[in-house]
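Chemist: Residues per chain, in single letters:
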Amino acid sequence: MSTTFNRRLLIVWLILTSMTLAYVWMDHTVDQNGTLRASTVVTVSAIVIALIKVRIIFREFMEVRHAPAWLCRLTDAWVVLIAACLLGSYFVGSAVS
Amino acid sequence: MSLPKMKTTEPLTMSDPPTGSWVSRLVWNFRHHPKRELWFAWWVMVIFYQLYGVLFFFVTRVQPPPSPAWDTPTVVRWFDDHDFGILAGFGVVFLVAGMCAPMNALLAYSMRRMSVSRLFAYSYLIIYSLAAVPGMLVMAIAMIVAALRPHRDPELIHWLYDFAFLSFSGTMGVFMIGSLVWMVAILLDKNRVFPKWFGYLSLCNALTEVVVAPAWIFHRGAFAWNGAIAWWINMVVFVLYTGVFIVLLRKMIQREDFRAGPLPALPDKGEAAHSDSVEAVR
Amino acid sequence: MTNLAGSRPQLEEKPTKFVPGQPDMWMFVLFESLLFTGYFSVYLVSRTQNEELYLRSQAALDLRIGVFNTIALLLSSWAIARCVKASREGAYRPALINASLTILFGVVFLVSKVLEWVKEIHMGNTFTSNEFFQHYFFLTSIHCIHVLIGFIVLGVVVYQLWSPVRRSQQLVETCATYWHTVDFLWVLIFALLYVVR
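Residue numbers (this note's numbering), protein chains in the order written: chain A, 1 to 97; chain B, 98 to 379; chain C, 380 to 576.
Hints were generated in silico from the structure; no laboratory data involved.
Incorrect hints may appear among the rest.
As the list claims (entries may be wrong) - Here chain B is said to cover these stretches of chain C; the calculated rule only asks that three of the stretch's residues, wherever they fall, bring their Cβ under 8 Å from a Cβ of chain B:
no.: 1; segment: 405-419
no.: 2; segment: 496-510
As the list claims (entries may be wrong) - Label pairs and their computed distance ranges (CB to CB):
no.: 3; chain 1: A; residue 1: 85; chain 2: C; residue 2: 498; range: 30 to 38 Å
no.: 4; chain 1: C; residue 1: 490; chain 2: A; residue 2: 25; range: 41 to 49 Å
no.: 5; chain 1: A; residue 1: 33; chain 2: C; residue 2: 498; range: 16 to 24 Å
no.: 6; chain 1: A; residue 1: 33; chain 2: C; residue 2: 472; range: 51 to 59 Å
no.: 7; chain 1: C; residue 1: 428; chain 2: B; residue 2: 127; range: 53 to 61 Å
no.: 8; chain 1: A; residue 1: 40; chain 2: C; residue 2: 439; range: 17 to 25 Å
Even glycine gets a Cβ: it sits at the ideal position worked out from N, Cα and C.
Based on the sequences and whatever the hints tell you, model everything.
Modeler: Here's what the structure looks like:
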C-alpha cells in the first residue's frame with residue numbers, strides 16, 4: 001500500500017479532529033459556568049469552521065482533488081452556497097427578531 | 098398496409114403515417130401508432146398534474162394549507178371565504194380523480210419494462226391506488242361537507258377541517274413506501290429504463306415525505322401540517338421530482354422498443370423524424 | 380495499448396482526473412446537501428426568533444458527546460477513504476479490513492447517539508418539549524436514517540470486495556461517496572446544534 005497516500009489521509013484526519021476540538025475551546029470562552037451565552041462571533045466561526053471541514057472532506061476524502069475541474073468548481077460553489085444560506089438565515093433572522 | 102403485431106419479437110417496423118394534413122396524420126396515429134396507449138397515459142398524467150395544481154392551489158386554495166393553530170371562529174371564517182372555490186374545485190376533483198389510473202399504470206409499466214420482478218409494478222399499483230383515497234379523496238369529501246352548509250355547528254366545521262388536512266398530510270407514509278418501491282426497482286434494474294440519479298432523487302423525495310409524519314403532533318412550528326419543513330420544503334422537492342419523472346417517462350416512451358432487454362438510447366434527431374411519428378400525435 | 384513511437388505499453392494507469400464513483404451519486408450528494416441546508420436554515424431562523432429558549436435548551440446537550448460522535452464519524456470516513464485507495468491498488472485484504480472498520484465506527488456513532496437520546500428523554504427533553512428539541516431530534520433522527528442506509532451501502536462495499544468475480548472499483552467509490560456525505564452532514568449538524576451560540 002502506498003504510504004504517501006495513507007500518511008496524507010492521516011494528516012487530514014488529524015486536522016479535521018483538531019478543528020473539532022477547537023469548538024470545545026470556543027464554547028468554553030463564551031459560556032459562563034454552564035450558562036450558555038449568545039455570541040455572533042461563535043456562531044459565525046462555528047459555521048465557517050464546519051464549512052472548511054466540509055471542503056476538506058470533499059477534496060481529500062472524497063477525492064475531488066483528483067477530479068475534473070467542473071467537479072472541483074461545483075463542490076466549491078456548493079460550499080459557498082451553503083455558507084450563504086446558513087449565514088444569511090442567521091443574519092436575516094437576527095435582523096427580523 | 099399492415100403492421101407487424103406487437104407481440105412478436107421482430108424489430109418494430111412501421112409504415113409511415115400518410116404525409117397529408119395534420120388531421121389525417123392524427124387519425125392514422127390514433128388508429129395505428131404502437132405506442133398510442135403509452136402516449137395517452139403520459140398526456141393524462143401531464144394534464145392531471147396541471148389540473149391538480151390549479152384546483153388545489155388556485156381554485157380551492159387549500160394549498161398552501163392554513164394553520165392548525167387557528168381557533169374555531171377563524172376556521173369558520175376561512176370556510177366562508179373559500180366556500181365557492183372549495184365546492185367547485187373539489188367537485189371537479191371528483192370528476193377527474195380517475196385520471197390517476199392511467200398515470201399510475203404508466204409508472205407500473207415502467208417497472209414491468211425493467212429487469213426486476215413484476216412484483217414491484219404490482220406493489221406500486223396497489224399502494225398508489227389505495228393512497229389516493231385518504232391522500233386526496235377524503236380531503237375533498239371532508240372539505241365539501243364542511244363548505245356545503247355554512248350554518249353548521251362551528252365545532253363540526255373545525256372537526257372536518259382537522260380531518261381533511263390530517264388525512265391529506267398524515268397519509269404521506271403510504272406514498273413514501275410507493276416511492277421506495279420505485280426507487281429500489283430503478284437501482285436494481287439492468288435495462289437502464291431510468292438513470293441511476295433518478296433512483297437517488299427518489300430517495301430524497303421519500304425522505305422529505307418521512308418528514309411530514311410529525312404533522313399529527315404539532316399545532317404550530319416547522320413540523321405542523323403547514324410548517325416550513327413538513328410542507329414547504331416537502332412541496333418544493335415534490336414538484337421538482339414530479340417534473341423530472343414526467344420528462345423521464347417521456348424519454349422512456351420514446352426509447353421503448355417493446356422488447357425485454359436493455360432499453361436503447363434515444364435515436365438521433367434524423368432517425369426519429371423518420372421512424373417515430375410521435376410528432377403527429379403531439 | 381502501445382503508442383505509435385513503439386515505447387513500452389502503458390499499464391493500467393489511472394487517468395489523473397477522474398470522477399470518483401458514479402456521477403449519479405454526486406447528483407444525490409449535492410441535492411441532499413441542499414435539502415439539509417434548507418432544514419438548517421429553518422432551524423437558524425427560528426433560533427434567532429427565540430434565542431433565550433434555544434440557549435437554555437442547548438445547555439441540556441453535552442458538547443463532549445457531540446465531539447465524540449464527530450470524531451467517530453471522521454474515523455469512519457478516514458477508514459473508507461483508505462479502503463478505496465487500497466482497493467484501487469488491488470490490496471483487497473486491507474480494503475476489507477478498512478471497510479469493516481468503517482462499519483464499526485458507524486455503529487459506535489449510532490450507539491452513542493441512541494444513548495444520548497435516551498439520556499435526554501430521561502431528563503424530560505423529548506421531541507415535543509420545545510422548538511429546540513424539535514429540531515434536535517428531527518435533525519439527528521433524519522441523519523440516523525441516512526446512517527442506517529449507509530450500513531446497507533457499506534454492506535454493498537463488503538459484498539463487492541469479498542469475491543474476485545465482483546470488485547467493481549466504481550461501485551466501491553460510489554458507496555464511499557455516500558458515506559462521506561453522511562459524515563459531512565453530521566459535521567454541519569454538530570456545529571449547528573451543539574456549538575452555535
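Chemist: Could you tell me which of the numbered hints above are not met by this structure, giving the numbers in increasing order?
Modeler: Hint 4 is the one this structure does not satisfy, whereas the remaining hints hold.
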